[in-house]
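Peer 1: Residue numbers (my numbering), protein chains in the order written: chain A, 1 to 328; chain B, 1001 to 1258.
Bear in mind the hints are in silico, worked out from the structure with no lab data behind them.
Small disclaimer: the values here were computed from a predicted structure and weren't measured.
The C-beta atom is built at its ideal place from N, Cα and C for all residues, glycine as well.
Errors might be hidden in some of the hints.
Stated by the list, open to error - Cβ-Cβ distance ranges computed for the label pairs, FRET-style:
1) 13(A) x 1106(B): 26 to 36 angstroms
2) 35(A) x 1124(B): 38 to 48 angstroms
3) 1002(B) x 136(A): 33 to 43 angstroms
4) 1118(B) x 13(A): 21 to 31 angstroms
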Amino acid sequence: MASEQPGFWARVQRASVERLHIRLESLVVLLALSTAMALLSPFFLSLSNFLNILLATSTIGVLAIAATFVIGSGGLDLSLGSVMGLAGVAGAFVAVTLGWPSVLAVIACILAGGIAGYINGQLVTRAFVPAFIVTLGMLGLARGLALVISKGRAIYGLPPEIVYIGQGRPFGIPMPVIIFVLTAIVAHAVLAYTRFGRHTLALGDSEGAARAAGIRVEHHRRIIYTLSGALAGLAGLLFTARVNAGDPTAGINYELTAITAAIIGGTNLFGGRASILGTMIGALIMGVLQNGLTLLAVQSYYQQMAIGAVLILAVFIDQYQVRKESRV
Amino acid sequence: MTLLSLRGIRKSFGAVDVLHGVDLSVAAGEVVGLVGDNGAGKSTLMKTITGIYRADTGSIEFDGKDILALDPGQRRRLGIEMIYQDLSLAKQQDVASNIFLGREPTKRLLGLFPGFVDKSEMDRQAARMIERLGAHLPSINRSVGSFSGGQQQTVAIARALTFNPKLVIMDEPTAALAVREVQSVLDLIRRLKSEGIAVILISHRLNDVLSVTDRIVVLRHGRADADLVTVNTNMNEVVSRIVGGGDTAAAAAHEQRG
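Using the sequences and the accompanying hints, generate a full structural model.
Peer 2: And the structure:
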């Protein structure tokens, strides 16, 4: 059976999964991709380009954290990009159109996202509509609402405090990067080391086992969808603050990149296995890919195709490995 | 002393009535076999005891307390554990995570943030529990799904016993096991009894039921149709009560050969 001595590579792989909660392969891909880009473009290897990649990754990265929690729990949130757009418009509406204090605008972003997520959670757990359909519906609803609130045009002229959240550079580090990294650290600790995180993965692994263990399954799912929405709200805040506008078309197709980052990072598409650290590597892979393709002057249309192809490839490799491992 | 007492338990799913007023009592340290044909309502009855299902009417008392309104987590804390036929394990999680699922010991991170799982404590206790069961697992940090059926069952049993239960419900614990493993499960049931832990054993293997139980309750058409004292009954009578009378000598003889 499984009693033969595993090889060195297999043991390193296992240790990295058990101790660091990451799949080593994703780290190898990130390094290989970075090396390739460095060889292809003289601009790739520089501190400013590195910060550029992190800055470009910050919005997607926060969405990818949300995707990791939801997918890890056996759910799916396709509304991430739209909710992000709605949240940004809500914040800009409060700050500019209503002229309320910036603090309230920040709260409005998170709250708008959280409410959208809460509605997702309620519908998934009480109305028995599959998460795929609920969040696909929310994708349309949130986008439409963002267009209604903004009357279809971007809301410009945000107050300086909010612009600082997107463009400020304390110690030379962009604010969105700082917020993104802090969010990732907290999220990693929560998912890997707290009861909440463990219950999230157990739920995605086997809902029956979680229920039998006394975990309040529906309640937990509602919290996760609400959290996902709130994180999308935070992503909306970062984006809006960075471009200095509440753009109702912000975040279109971002869920595609965010889910891809989570899957590349080792999240099981069907739940039960996920780590934020892995997702961060996945998000960086997407960031490096987009940055590199831009430096190489590849048209953005092709970048879109690349992301789609990477998603399918990542799921294929993951499923291939799952099949290989279960064949004892 | 009565540990568990069910009275008039009814449960229906839409138009389908599964339980039509079941009465059942189990004393502390007693081993009760629950038998009945497929569809008699055994699993449904057990799930109303663990709280996965809520009984439509009737009363459930455990340890002198009315537990009808409690959820599965609260009933577990009172000492009701169940080992499910499908084991209900989270297969991608490791041994300790499964044993402690829903009851993880916590500590404060840096003495500040509460709710952090004390993984080393969990691993230590899990290893001790597995050892006490006399089982051998390849590694306690491996995902449970990579284990054999018998090893997975060990984890499910360890989960049921770690928190000092008063009542352990076992749903077909021997159905999928090798002969030697069946004996160790039956030995385990005897050991639980000697420690004063009550056991409800659901099984189609009547030989197993006759060899370890004190009483045998026959569930038929959603009712507790017969309540037999094991030492005063035999295979023939049990089979006859399960199928509802008639000439059952041939069926009983078949079961006897087991």
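Peer 1: For every hint, state whether the structure bears it out.
Peer 2: Here is what the structure says about each hint:
At roughly 29 angstroms, the beta carbons of residue 13(A) and residue 1106(B) sit within the given window of 26 to 36 angstroms. Checked against the hint of 38 to 48 angstroms, the pair residue 35(A) and residue 1124(B) passes, with Cβ atoms roughly 43 angstroms apart. Distance hint check for residue 1002(B) and residue 136(A): the Cβ-Cβ separation is about 53 angstroms, which falls outside the suggested range of 33 to 43 angstroms. The supplied range of 21 to 31 angstroms is met by residue 1118(B) and residue 13(A), whose beta-carbon atoms lie about 26 angstroms from each other.
Of the numbered hints given earlier, the model fails hint 3 alone.
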